[in-house]
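This is what each chain is made of:
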Amino acid sequence: MKRLIQWLAILTLIIVLVYSKNAHKMDSEVVQNYYRQMIPTAAKYEPISDKTAKAVGQDGSLIAYLGVSSNNGYGGPILVGTIISPDGSVKDVLILEHKETPSYIDKITQAGYFRQYAKKQAADALVLDYDIDRVSGATLSTRAIAKSVQDVAHFVAVRELNATPDKARIDWKIGARDIVVTLLFVPAFLMYQVKALARFRIIILGLSVIILGFWLNRSLSMASIGALFIGYFPNPHENLIWYIVILGALVPALATGKNLYCTYVCPFCGLQELAHTVSRVNLPMGKHFKWIRMVKKVLLFVVLFLSFLFLNPSLFSYEPFGTIFGLNGSSYQWYLLFVILIASFFYRRFWCAAFCPVGTFLDKVAAVGRRIREIIRLSSPKRVRTVVVRNGE
Amino acid sequence: MENELGNKIEEEQGNKQNGNGAGLHIRDGNEHNNILMDKGTVLFFILYALTLIYIFLVVSDSWKS
Numbered sequence: 001m002k003r004l005i006q007w008l009a010i011l012t013l014i015i016v017l018v019y020s021k022n023a024h025k026m027d028s029e030v031v032q033n034y035y036r037q038m039i040p041t042a043a044k045y046e047p048i049s050d051k052t053a054k055a056v057g058q059d060g061s062l063i064a065y066l067g068v069s070s071n072n073g074y075g076g077p078i079l080v081g082t083i084i085s086p087d088g089s090v091k092d093v094l095i096l097e098h099k100e101t102p103s104y105i106d107k108i109t110q111a112g113y114f115r116q117y118a119k120k121q122a123a124d125a126l127v128l129d130y131d132i133d134r135v136s137g138a139t140l141s142t143r144a145i146a147k148s149v150q151d152v153a154h155f156v157a158v159r160e161l162n163a164t165p166d167k168a169r170i171d172w173k174i175g176a177r178d179i180v181v182t183l184l185f186v187p188a189f190l191m192y193q194v195k196a197l198a199r200f201r202i203i204i205l206g207l208s209v210i211i212l213g214f215w216l217n218r219s220l221s222m223a224s225i226g227a228l229f230i231g232y233f234p235n236p237h238e239n240l241i242w243y244i245v246i247l248g249a250l251v252p253a254l255a256t257g258k259n260l261y262c263t264y265v266c267p268f269c270g271l272q273e274l275a276h277t278v279s280r281v282n283l284p285m286g287k288h289f290k291w292i293r294m295v296k297k298v299l300l301f302v303v304l305f306l307s308f309l310f311l312n313p314s315l316f317s318y319e320p321f322g323t324i325f326g327l328n329g330s331s332y333q334w335y336l337l338f339v340i341l342i343a344s345f346f347y348r349r350f351w352c353a354a355f356c357p358v359g360t361f362l363d364k365v366a367a368v369g370r371r372i373r374e375i376i377r378l379s380s381p382k383r384v385r386t387v388v389v390r391n392g393e
Numbered sequence: 394m395e396n397e398l399g400n401k402i403e404e405e406q407g408n409k410q411n412g413n414g415a416g417l418h419i420r421d422g423n424e425h426n427n428i429l430m431d432k433g434t435v436l437f438f439i440l441y442a443l444t445l446i447y448i449f450l451v452v453s454d455s456w457k458s
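Which chain is which? The protein sequence lines are A and B, in order. Residue numbering for the first sequence follows the working numbering, starting at 1 and increasing by one per position. Residue numbering for the second sequence follows the working numbering, starting at 394 and increasing by one per position.
Because the hints were derived from the structure by calculation, they are not lab data. Any given hint could be a false lead.
Said to hold, decoys possible - Just some of the chain A residues that point at chain B, by a computed CB distance under 7 Å:
id : residue
1  : A9
2  : L11
3  : T12
4  : L13
5  : Y318
6  : F325
7  : N328
8  : W334
9  : F345
Said to hold, decoys possible - Listed below are the simulated DMTMM-like cross-link pairs for lysine to aspartate or glutamate, each with C-alpha atoms no more than 25 Å apart in a straight line:
id : chain 1 : residue 1 : chain 2 : residue 2
10 : A       : K296      : B       : D431
11 : A       : K91       : A       : D50
12 : A       : K21       : B       : D431
As the list claims (entries may be wrong) - Restraint ranges, calculated between C-beta atoms of paired labels, are given here:
id : chain 1 : residue 1 : chain 2 : residue 2 : range
13 : B       : L436      : A       : R115      : 25 to 31 Å
14 : B       : F449      : A       : L11       : 25 to 31 Å
15 : B       : S453      : A       : T109      : 22 to 28 Å
Glycine included, each C-beta is placed from N, C-alpha and C at the ideal position.
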């Protein structure tokens, strides 16, 4: 019965994902609606391609070129509308749809990110950290917006303005951050292999709180896991840490059959353990553990179901990781964080034990890993002990 | 948590709370443990319910915006 429910849940998630992928395709009518939002005064929009057009006025004169383009930010695709004046300057940049945490978009707007486009031409490179400045703390979102503006602007420059766009050569860089994050996963594997090293676990968790938490704010969240399933893969040139964290959590779980990320790496687990160590109070929750685990699985299913249905992995990702490590969140997120930290004083890893969908997901991956190991073990040829019987003995 | 460390600690805590080794004062020990368990349970339910409510509010807030 339990197994049947599990398979039904997986089947439901697959069906809802396939349905949503087909339902959310952008047709020409939807694109026309976006054009109307961008330049409402235009009499008609003459298509240049399926996502770019010329906005033409009542008298038949060209008002502007316009287009929409989408690139993946932190939580998923950000749909950006770009308007280019007939003289080739960038007239306006608008966010039409996004799946980011709203406070990040507010941060970008307040930082004056969009104002820097007023001085740009369509044929400029329009590359983040080259001729466009990033907004610190919202790098992935600003990078996605910059790429979307560049897509439309360069297309219009080549097709309509006969201009050759500038190229910014940015080499593949493996920076200190990528190396440090990779190194954070190595002790986890070593401690799993050599039990004597496990006493250093709290030190590694402490380092993770500093590095993966407060410094980089890149702990594994449901937004990343949802994005993985929906297919919102960031560019590895620009966001290598995303791949390091995802693979660093999933591959050891599959290979060893143990959820090493939660035990040894997760910065939020580290924070809770530190709070628990400080309090010196340890109340058990063993009595309630069975139904707590069940609720946790239901929460994981609901989060994945809604993320797949709306193709928006960050909207239903309720973890407070960004609130504490990015020091950025709504009032409710701060209240939630406060309750969890208070609870962690009394109960060891309260959030992990009772609510964390990431931990529940990784436990499931580890269970799949154990099953694979078992199948491999059973399918490998058995060693047969041979007994040599000599004549007369 | 279904990892090795988590399960082990839960098990140990459970044994301590169930009054193993209460000796001659079994009845008193159990009563004492029941009171402790009740306080722990009440606190746990308050924190659990509060967290669940805030999760709901966080998601609905994100949905509205």
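Okay, the hints, checked on the actual structure:
1. A9: Since the shortest Cβ distance to chain B is 18 Å, the answer is violated.
2. L11: 23 Å, violated
3. T12: Hint on A:T12: violated, closest Cβ of chain B at ~20 Å, above 7 Å.
4. L13: Hint violated; A:L13 Cβ to chain B Cβ min 18 Å, cut 7 Å.
5. Y318: 5 Å, holds
6. F325: With Cβ-Cβ at 16 Å, over 7 Å, it is violated.
7. N328: With a minimum Cβ separation of about 13 Å from chain B (threshold 7 Å), the hint on A:N328 is violated.
8. W334: Where the cut-off is 7 Å and the nearest Cβ of chain B is about 9 Å from A:W334, the hint is violated.
9. F345: 10 Å, violated
10. A:K296 <-> B:D431: Given that 25 Å is the threshold and the Cα spacing comes to 23 Å, the pair holds.
11. A:K91 <-> A:D50: 21 Å, holds
12. A:K21 <-> B:D431: 49 Å, violated
13. B:L436 <-> A:R115: 25 to 31 Å: Cβ of B:L436 to Cβ of A:R115: about 51 Å, so the range 25 to 31 Å is violated.
14. B:F449 <-> A:L11: 25 to 31 Å: 27 Å, holds
15. B:S453 <-> A:T109: 22 to 28 Å: For A:T109 against B:S453, whose Cβ atoms are near 23 Å apart, the range 22 to 28 Å holds.
Checked against the numbered hints above, the structure violates hints 1, 2, 3, 4, 6, 7, 8, 9, 12 and 13; every other hint is satisfied.
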